Amino acid sequence: MIPPAAFLLLSAVLFSLGVLAFFVKKDLLTQFMAVEVMLNASNLAFLAMAKASGQAAGQVIVLFVITVAAAEAVIGLAIIVLIFRQRRTIRTDELKDLRG
Amino acid sequence: MVRYFWLIPLLPGASALLLLLLGPRLSRRWISWQACLTVFLSFALSLAGFVHLVRAGHGSSGLAKTLLPWIASGSFSAAISFAFDELAAVMALVVTGVGLLIHVYSVGYMAADRAYSRYFAYLNLFTFFMLVLVLASDIVLMFVGWEGVGLCSYLLIGFWFERPAASKAGMKAFIVNRIGDAAFIVGVLFLLVNVGSSSFAAINAAPAAGVLGPGLVTLVAILLFVGATGKSAQIPLYVWLPDAMEGPTPVSALIHAATMVTAGVYMVCRLSGLFAASQAASSVVAWVGGLTAVFAATIALVQHDIKRVLAYSTISQIGYMFLGCGVGAYAAGMFHLVTHAFFKSLLFLAAGSVIHALGGEQDMRRMGGLKKALPTTFPVFLVGALAIAGVPFLSGFFSKDAILTSAFAGGHYVLYALGLSGAVLTALYMFRLIYMTFYGQTRATHPAGTAPHVHESPPVMTVPLVVLAVFSALAGFAGLPVLLGEKANWIGGFLEAVLEPAAHHLALSTEVGLILAATAAALAGIAMAFVFYRKRPDLPERTARSFPGIYRLLVGKYYVDEAYDAVVVRPLVRGAETVYARFDLGVIDGALDGSAAAAASAGKGLNVLQSGLVRDYALAFLLGAILFLGVLLL
Amino acid sequence: MRDSDFGLTLAAGKTKYRGKFHGLGYLRYPVALCIGSVLAMILSRNQAHNALFLVLAFSCLGGLFGLLDAPFAAAAQVLVYAGAIMVLFLFAIMMFNLREPAPRERRTLRTFLAAILGLVLFAELAIAAVRAIAPGSVSPGEPDGLAGLGRLLFTDYLYAFEITSLLILAALVGALALAGKKEGG
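Line by line, the protein sequences give chains A, B and C.
Heads up, the first sequence is in the working numbering, so the first residue is 1 and it goes up one at a time.
Heads up, the second sequence is in the working numbering, so the first residue is 1 and it goes up one at a time.
Heads up, the third sequence is in the working numbering, so the first residue is 1 and it goes up one at a time.
The hints are simulated quantities; they were obtained by calculation from the structure and are not laboratory data.
Please read these numbers as outputs of a predicted model, since none were measured by experiment.
Among the clues, some could well be false.
[Said to hold, decoys possible] Across the chosen pairs, the derived CB separations fall in these ranges:
no. : chain 1 : residue 1 : chain 2 : residue 2 : range
1   : C       : Gly180    : B       : Ala598    : 44 to 50 Å
2   : B       : Val460    : C       : Gly180    : 54 to 60 Å
3   : B       : Ile71     : C       : Ala147    : 34 to 40 Å
4   : B       : Leu572    : A       : Leu95     : 16 to 22 Å
5   : C       : Ala147    : B       : Asn607    : 56 to 62 Å
6   : B       : Arg28     : C       : Val173    : 37 to 43 Å
7   : C       : Ala40     : B       : Ala598    : 48 to 54 Å
8   : B       : Asn607    : C       : Ile116    : 24 to 30 Å
9   : B       : Val579    : C       : Ile116    : 53 to 59 Å
10  : B       : Arg55     : C       : Phe154    : 43 to 49 Å
11  : B       : Lys65     : C       : Gly180    : 49 to 55 Å
12  : C       : Ala40     : B       : Gly612    : 27 to 33 Å
Think of the CB as a built atom: it goes at the ideal place given N, C-alpha and C, for glycine as much as any other residue.
Required output: the full structure, derived from the provided sequences and hints.
Given below as structure tokens:
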């Protein structure tokens, strides 16, 4: 049988790749996608633990994460669209307004 | 129907909520109907529950209902639960019955007020909290009602908040009550810690079960009683009640005469098991009550404001109730509470009718000769005055006599003498008020110099007066003296199921003698008033001139307010000013300015790290997450 | 049914264990596909391709969810993630209409630092994963299946569930308010 640790390891790999993608990429859209990868990695970990402990609560949380991710994607994309309309760019190294 | 007794407090509560939310959008007609009807329904439910209890007779444990769990913390838990036993039934009937009449009366009295919906919202809210206080089956929930009625009292005293005197009086009431409440809270905490339960049943059983030591019982009882002196305006915390007369007159009748101020008496009766277990605490209760009864009555003798006379009279009468409780006659105290609710609210409402007729005049020196002009108000006022003075066969006679007899029977002769002299004074100041207001020549003057148009109040105000007058006259027959037979004292027997019984019995001749003495006291007071204020109107002034010291002391209300001002208020204010100047400006502001400056310079230093790039912030975030996870893994 | 654990016993039984990766049996294909497509996303500079790679990765993950006895999560994963969310991304990309691919990323100190930190994070997560499944740290049991999930969702998590609907409504309104305005309006 496949030990649950294997799935948790896969989750760790995906999460780290997501983190890496977030820092390597320079356009907002792809960075946003990287965030989605991280969310999915955590979902995988939840499901693996739910399976291992026999508690369905992990699955419930995954459903919530997916729902929240959908809402987040809608809002996030709307914001990105708005930024693009105003600046004609979505490159994060050109957006420096937070500098005080 | 009886099963739904827990709706008794909730109905006015819901009405209050609705009025607070939607008040200004509702028509006056709707507001009047809603406010009165909900209180009427509560009254009907109370009456149904009362009848149920009477039918069930002794041995029924009353009705109980737990609505919601409320606090559950460790071993301590409190629920929102109501109980409807004999004591609560009597009190609920008084609150809803008198409350209903006063709601109806207010429809007329407040008809011209701009804040009509706010007034009825507060009045309903008060009824809600008062009923929570009455029906609560544990002391924590009772405290919620206790604080709630205090809040409503504050709101209603300061109802006309554009008058500085009114908002000041509201604050005074609130602060003085708070002093008492602090002691009350400490007492409740002692009970919670030592008894481990907040239900009245457990607390009343605690002294007998040995859960509370005798010293602790006395301490707790006295702490709770200090709370009662605040709420029920007894020495030393009575000073707020006379000022509370700044509120609308129906409010004075409902809150500051009939119901809220008697909450302290109700609380002592509720915990009669606790108070009866401590001889010392009972003595404190009795002595404070007795002294207050006489003390306030003497001040009432020289007041000129018609409502203030009644306010001091209320303080004095509540003193009687505590005197009764203190000598162990809890049922007599409750009985006096009930009769007092009738005749005192009657007197207040009738006084309100007088004030209404004179266009807002409250000074008795500018009244007089109103007997003819107010054909309904005068007779009902007279009934109320006779009842409070203790003239035979009116309600006040029986209830006051029950208290005095119990004091005598318990061997408290000094307290008995205090009570009796208080009775003389009561009759004296009440009939001084009657003669000054209704007899003689009119001294009323309009601001312009012409006599104002005096008119009787509309029926919506006079009908409640008549109803209250009937009850003031007849309510006494619920508690006839024991000498007329064992069953004569019906209310005493009814309340025996809940209260500690009064144990003493007197010989027939002694009891007859006591009744004659009480009657004589009342008549003596009335006779004195007749001589002083009707036959020889020059006498009061001459007496005042012969005893200038005493007179000035009385007019100055024993200078208690001034003493409190000098001893408590001014040192407090001065201390606060010192602390403000030294500590607040120096230490706290200094520390604040310093930390702000430190933050500003640190911010300048750290500004370098702020690139404005989201990625850099995310990197810092990642570093934090890694460190956090590392700590978790270690 | 001891053998139904992870639904893979058949595959695992036939496979000779040649290193950890091959120990996954048939599972190695979706796992490899998943990791591979995420890597491809990192390397590719075309946003549309990136989005398609992610669709692939999420679909693979959906399969894995199914193998973890979570059919509902698997379906939601494929429908919502691979379907709805990623299509939304594609729409957004279409709106930007970036003709030229994103410029080549420069290897900066920041990227290097991020890679190091990512590795550290991976190490930590791996340790946590191994520890989490250490013998005795969890008590295995059978999940109650779809019906159990539904019951849980409408009892213990009812409030959260209802609040989620509010959240989605808020997102809907928010997105309209943010992006619904006419250009320059």
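Hints violated by the structure (numbers, ascending): 4
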